[in-house]
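Please build the complete structure, drawing on both the sequences and the hints.
From first to last, the protein sequence lines stand for chains A and B.
Going by this note's numbering, the first sequence opens with residue 379, and the numbers climb by one from there.
Going by this note's numbering, the second sequence opens with residue 379, and the numbers climb by one from there.
Just so you know, not all the hints are guaranteed correct.
Identical chains blur together in the list; that is why a pair holds if it fits in one copy or across any two.
As the list claims (entries may be wrong) - Under the rule of at most 25 Å between Cα atoms (straight-line distance), these lysine to any residue pairs were calculated in the SDA-like manner: (1) K401 <-> P416; (2) K423 <-> A439; (3) K388 <-> Q429.
It should be emphasised that the hints constitute simulated quantities derived from the structure, not laboratory data.
Please read these numbers as outputs of a predicted model, since none were measured by experiment.
2 protein chains.
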Amino acid sequence: AGDAAAGETKIGACAACHGTDGKATGPIYPNLAGQNAPYLESALKAYREGQRGGGMSAIMAPQAAALSDQDIADIAAYFSSLTP
Amino acid sequence: AGDAAAGETKIGACAACHGTDGKATGPIYPNLAGQNAPYLESALKAYREGQRGGGMSAIMAPQAAALSDQDIADIAAYFSSLTP
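Here it is, written out as structure tokens:
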């Protein structure tokens, strides 16, 4: 399972667009605060596997490629734990 | 621009997984309430153009394929207008 505290230490790059509080820094990026962790894991894995194109995938795919399954679970747990 | 009132009349299929209130009916689906409308439009168009695979794309792609740009803008405006 994901560890939100560990996730908080892994979101440095994510925060540039999604905010440390999970509130997107621009309207073309999704807010992640309070999002469902299983969905976030599914989305990150789809980017990592190169299954998600379009939108901001050119940014997301290389970001996700660097993440392990545990990293993804921790990051998802962190953003999911935030208040929308 | 999107019309949230018109969007409310177009989310019948969406609500099965995303809820009429934008709160997902299952953890593998994303909550959409209060999500950024430009992001929602971008995601729906990526599904419609077949650019998004993985995750629940097998369900989302045919749903999005039936939507016009105005439908997408209205649906995005509706979900974005909801309180997370």
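Against the structure, the hints come out as follows:
1. K401 <-> P416: both (19 Å within a copy, 14 Å between copies)
2. K423 <-> A439: Cα proximity of K423 and A439: in one copy and across copies (9 Å, 18 Å).
3. K388 <-> Q429: Classified as within: same-chain Cα gap 23 Å, cross-chain 28 Å, threshold 25 Å.
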